[in-house]
Each structure stands twice: as structure tokens, then as C-alpha cells.
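From first to last, the protein sequence lines are chains A and B. Counting from 1, one number per residue, gives the positions in the first sequence under this note's numbering. Counting from 1001, one number per residue, gives the positions in the second sequence under this note's numbering.
Worth flagging that the hints you see were computed from the coordinates, not collected in a lab. Among these hints, one or two may not hold up.
Stated by the list, open to error - Sample of chain A residues with no beta-carbon within 10 Å of chain B, all distances over it, derived: (1) THR131; (2) LYS150; (3) ASN302; (4) GLN341; (5) VAL376.
Said to hold, decoys possible - Partial chain A-side listing against chain B, Cβ under 10 Å, derived: (6) GLY134; (7) CYS138; (8) GLU223; (9) GLU276; (10) ILE278; (11) VAL379; (12) PRO382; (13) LEU383; (14) MET386.
Ideal placement from N, C-alpha and C gives every residue a C-beta, glycine not left out.
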Amino acid sequence: MSVHLLVDFGSTYTKLVAVDLEKEEIVGTSRSMTTVKTDVLEGFDLALEKLDKAHPDMAEITAISACSSAAGGLKMAAIGLVEELTAEAAKRACLGAGALVNHVYSHHLAKKEIKELQQANIDIILLAGGTNGGNKECIIHNAKKLAEAKLDVPIIVAGNKDAEDEIDEILSASDTEYYIVDNVMPKLRQLNVESAKEVIRKIFITKIIEGKGIKKAEEKTGEIIMPTPEAVLQAAELLAKGHEDEEGLGELMVIDIGGATTDVHTIGRGLPKRTEVILKGLQEPFAKRTVEGDLGVRHSANALLSIVSPFGFRKYYREPDTIDEDDLDDDFFESGVKKRQEQIDYLPDSDEERAFDRALARICTDYSMSRHVGSVEVVHTPLGNMYYQTGKDLTGMKYVIGTGGVLIFNEDPKAILREVQHKSDKKLELRPTDSEPLIDEKYIMSAMGLLGQKHPKLALRLLKRHLK
Amino acid sequence: MHTVVIGVIGADVHAVGNKIIEHVLKKRGFNVVNIGVLSSQEDFINAAIETDAKAILVSSLYGHGEMDCKYMKENCEEAGLGHVKLYVGGNIVVGKQDFKEVEARFKKMGFDRVYPPGADIEEAVEQLKEDLGSP
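Model the full structure from these sequences, guided by the hints.
What follows is the structure, encoded as C-alpha cells:
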């Protein structure tokens, strides 16, 4: 009898999931506030105590795996040459590795941008630029600028391989910690992020964890193996693809609505479905993640209101019968948002408040979807209408999985997920049209991503059993 | 090996000539970056920047090429690609016009080489080699 304990050091909560490996079942889950500021183990111990108390007959814990997004998660800057090409490829590599990317630069780095990088709180820089055999002048220029800036941030070089040797010389002459990996865009529009992602994870495990005060947790939990968003992405990929004879669910999407951000993950090729549609732009990753830093139901609640305006908010708010429609004035929305922004651990205590949270989550879903999915543009040609597609065609997605506190703890999460199919009035968006909503009721997505590293089949079975 | 960007500009979807050009140039020792049909000026320019291309070869067959190629040279210069050779060929103007005049117009627009419908691709390859010199 043995139990594998999965730990997620989140920004607010430390969450535990205990899995019995022989019985192939989830023994229990528990959570406690994350305690990065004092000793991260305090929160962990408290959560473990709760778990022990609730399941006194739990078998011995023989293995622990952990992921973390505490202390702001993993923050990266992406640098490329052309905004839509290598800069975008670099950004996608960072996102796929579970990072938050608030700084993206293209072309030659200017003094002002270097200054921004010096002031920003960044964990890793990903430097790209040029296809293999293509432009190397720009990436060399940027490598020089970064070396001169003495940033004390590890740099991953993932650009034109023809520039590697020169960059190697430049960076080795400075005190910079750096890694040279495969080009994120070896050929025009071809995306190649795996080797960059691998190094990001390696740096995260060895360095970042320490800087954020989470290293101490490793005394008890063993290595923290990845950022939480990557664990979710891995779980999604496992669930979609299946493992050996255990079948997966096929193409699917995961929406993770948090207090500060909304993450959307899709597993699927997303190619055009009709012959007259021509695909444009950079290749899309099979497992794609986007993060919206302005969409969240607590820290970002205010940003939400400014995105939709109180008038627009009304369209997302389906009030319970107890509230008079006349009361739904601008004040109502502004005060509701303010309350959540100021008290980030606020839990709704009435039908109206739950409806309010649902409205916020609806906005997050609708807007994050709009930014994640591809779109189609009509071109009128002398040969008749043709269509450009940029991004992924997700109209055929079979499942949309919802996770994150606000979805899981709301009494009608599927109403929130239906917003995925909301018709946009701006452009032809390729959103899922007929997908089945599933809810991560037990909050186990990231845990199963971790478990899947060693026991993929079991993680897959548990996901299939518990997503409802 | 010289890198060249090829593609079909504007709302034009004629793909056959584009494939032939790719095939021939590859065979003749060029590194060909083919951005395909329905390509905008911006697509050509972005591709040329990332791949450090020495020439951009624009195809157009549907008659609207002149409109699509307007200010292309200026846009290249704006993007730091003033040194990149610009070629255009195909059925690049509306109706049947005297090619001498068409050529003069496109040269004035900043194109280095202009080819009429049915031009011999071997001839164009020789001119490309001549213009780019040895790699």
C-alpha cells in the first residue's frame, strides 16, 4: 500500500492531492494558505495535517511530487526579431513552459528597453531572432546589449544557429549565466519550442524555486518539478492523447480562471477544415497555452470592469430573482468589483454575490477565448471568395474543461463554460461550437500533470473518472 | 547559398507558377523561402528580415499586381531592406498593355527586374545570379 502525494504551491493556496497507487483512486484532497513569506512548509504541514485528520487510515506516503506558481510564478521576457515571427515564437515557448510573459521585445533592444528589463522582476530571458541561416546581426546586437546590462538573470539563447558561436563568446566573456539551445523558429513560420522549454524547466527547478523561498519545501517534498501551468498543460495533453491502450478524449480545451489571470490550453492541431481556407502566420503549437494577465476574478476584477464597462457587464450578469433590475446601476458593479479587488480571498456568501462571481468568470471566459482562438477573414478574389485563417480552428473541440477556484466552487459552472461559444460580433472567431463542458470538480488537473510523469496511465484514468 | 523569398502577392491564389519557381530555384542552388499564395507585402518583408534574404521575388497572375506592389520598395526601405533585390513577374497589370511601358512603370516603382507573362524562368535565374553575385 502506498500513496503518491501531489503538491501544488499556488499563489494563494497550497493544495494537496493524495493518490493511492494500488487502489488506483484519489484518497483525498486538502488545502491551506501558501506561506511563502514566512516558511513555505508551514502551509504545507497544515494542509498535510488536515489530510491526515480527514483520512486517518491513509496508507504511507511513499512519493511526493510538487509544482509551484507561488511568489508570482515564473516570469519571463521574450526577445525576437520580427514581432509576428521570432518574437512570437519566443513568447510561445515561454508560455508553453508555464511562464508569465509581460515583456516581449522585437528588433534591436534600445536603452529604454534594457532599462525596463533591469527594473522588471524577471526570472529568465529567452533570446531569439533569425531563422537558421537567416539574420544574425540582430540577435548578436541584442546579446551584446544584454551582456553589457549585467542583469543577473539567466539567458536562454534560442535563435539563428549561425550566430551561436559569436554569442557564446560574447556571453562567456561577461558574467552572465546562459544556455544555448535549438532555434525556436529554425525555418520561416516553423515553431520548435521543445528544447527551449526543457531548459526553462531546468532553470526553474534549480534556480527560480530558491529565489522565491520555495526551495525549503524540497526538504520534505523532493524536487519541485515544474511550474503549475505546465503541469496543467501536461495533464491536458495526456488526457487528449491517451496512453498506450488507455484511450484519450481527443481534442480538448482547458480554461483555468484564477484571481489574477485566466489560462487557456488547447490540445489539437486546429488546421483549417475547408479547402478554400488558407492558413497564415506562424505555426501553432499542438499544445497551446495563452495567459491573460488582465482577466481574473479578484486581483484583476477592476481590469475586467474597464474592459467591458458597466453597461457591457450587465450582459454577463444574469441576476437571481431576488434582485430588482433597477438596482443594477453602475454603482452596483463598481462596488462589487472593488470588494473583490480589495479582498482577494473573498468568498461569495449570497445568491447575488455568486451570480456576480459568475458574471466575472463569464467575462474571463469570453474574452480569453476571443484572444486564444484563431479567426477567419474573407478575401474577395477574382476567383470568388477565399479565406485566410490565422491561429487555430477550434470549432471541432469535443470537450471544454473548466478549472480554477471560481469555476469549481460555483454552483453552476457549466453556465460559465457555455460562454466559450459566445458569438463574437467583431470577427469570425473559430470558437468551439458544440463542445461538452466538463468540470474539474476535485481540482486535480495540475496534480494529475505531476502524477502523469511517473504513472501516466493512472493519471489518465483518474482524470477520466473525475472530470464531470 | 543565397536566400530568396518567393510568393504570390495580394488576393491571388495561383499556386502552380509559384511551385515551379520554387522547384527551379532550389535546383539551381538557392535557399528558397516560399511564403505561398495570398501574401501581403508585410509577409514578404517579415520573411526577408528573419531569413536575411538577398532578393524578394513577387508573382502575380490575376491582373491586380500593380496595385498590390504599390510602395513595396518604400516599405522595404522602411524595414531596413533597401539592399534587397526586388523582382516581379507574371500577368502583373490589367488587360493587355505594352510590356515596355509596364516594365518602365514597375522599375520606377523600385523593382530591379520585371518579367512579362510567359517569361523564360532560366533567363530569370541567370539574371538573379548576376544580380546577387557569388554567395
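Hint check:
1. For THR131/A, the condition that its CB be more than 10 Å from all CB atoms of chain B is violated, with the nearest at approximately 5 Å.
2. For LYS150/A, the non-interface assignment is confirmed: its Cβ lies about 29 Å from the closest Cβ of chain B, beyond the 10 Å cut-off.
3. At roughly 36 Å, the least C-beta separation between ASN302/A and chain B is larger than 10 Å, which holds for a residue marked as non-interface.
4. Annotated as non-interface, GLN341/A keeps its C-beta farther than 10 Å from every C-beta of chain B; the closest such distance is 40 Å.
5. Look at VAL376/A: its CB is around 13 Å from the nearest CB on chain B, clear of 10 Å, so calling it non-interface holds up.
6. For GLY134/A, the interface hint holds, since its Cβ comes within 10 Å of a Cβ in chain B; the closest pair sits about 4 Å apart.
7. At its closest, the beta carbon of CYS138/A sits 8 Å from a beta carbon of chain B; the interface hint therefore holds under the 10 Å criterion.
8. This hint is violated: GLU223/A has a C-beta 37 Å from the nearest C-beta of chain B, more than the 10 Å allowed.
9. A distance limit of 10 Å between C-beta atoms decides the matter here; for GLU276/A the minimum to chain B is near 9 Å, and the interface restraint holds.
10. Here the hint on ILE278/A is kept, as its CB sits about 5 Å from the closest CB of chain B, short of 10 Å.
11. Contact between VAL379/A and chain B, as hinted, is supported at the beta carbon level, the nearest pair being about 5 Å apart and thus within 10 Å.
12. Look at PRO382/A: its Cβ gets to within about 5 Å of chain B, closer than 10 Å, so that hint holds up.
13. Hint status for LEU383/A relative to chain B: holds, with the closest Cβ pair at about 6 Å, below 10 Å.
14. The beta carbon of MET386/A is positioned within 10 Å of a beta carbon in chain B (closest approach about 6 Å), and the interface hint is therefore held.
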